[in-house]
Amino acid sequence: MPIETTTIAGLFIVRQPTHGDRRGFFRQTYVLDELAEALGRTPTFVQGNHARSAPGVLRGFHAEPWDKLVYVTSGSVVAVVADIRPDSPTFGEHVAVPLGDDSDGRPRLFISEGLGNSYC
422 MPIETTTIAG LFIVRQPTHG DRRGFFRQTY VLDELAEALG RTPTFVQGNH
472 ARSAPGVLRG FHAEPWDKLV YVTSGSVVAV VADIRPDSPT FGEHVAVPLG
522 DDSDGRPRLF ISEGLGNSYC
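Residue numbers (the numbering used here): 422 to 541.
In short, the hints are calculated from the structure, not lab data. Hints may contain errors.
To be verified - Each pair of labels, with its calculated beta carbon distance range:
#1 F466 to G513: 20 to 28 angstroms
#2 A517 to G469: 33 to 41 angstroms
#3 E425 to V478: 21 to 29 angstroms
#4 P519 to L460: 17 to 25 angstroms
#5 P519 to A484: 31 to 39 angstroms
#6 V452 to D508: 13 to 21 angstroms
#7 G441 to V467: 28 to 36 angstroms
#8 A484 to T463: 36 to 44 angstroms
#9 G441 to D508: 18 to 26 angstroms
#10 H483 to L453: 20 to 28 angstroms
#11 T494 to R462: 24 to 32 angstroms
#12 G445 to I505: 16 to 24 angstroms
#13 P510 to E485: 18 to 26 angstroms
Built from N, CA and C at the ideal position, the CB exists for glycine as well.
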C-alpha cells in the first residue's frame, strides 16, 4: 500500500508511483479507497487550494475541521504537522516531512481534521 503511517494518528504519507516515458509522466494524487482503509473512515475533502510562497516564507499554522491532502507541485517545502487535539495520546507531538522536488517520489501528506499544519 502506498500509504505510510506516522507517529501521529490520522497523519499519513501518501506515495503513489510515477509512471514516466518520453511524453512525460502520470501519477495519481490519491486513491479514496486506500485512504479510507488506512484511516478507518472515508475522508472528507471540502475544498481544493493552490498556493505559491516566496523562498523562506513560513506559512502560518492551520487547523481546520476537515481533512486535507497536501501536495507540492513545484519546488520544495518542509511541512510540519502537530497534534493539537487535547484528547489525543500524541497531543503536543509533531512530525516534519520534506515534500517536493527533493523528496523521494514526491509524497503527499494526508492530514486528518483537527491536526495543525504549516510549511516553509
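Unmet hints by their number, sorted upward, for this structure = 2, 5, 6, 8, 9 and 12
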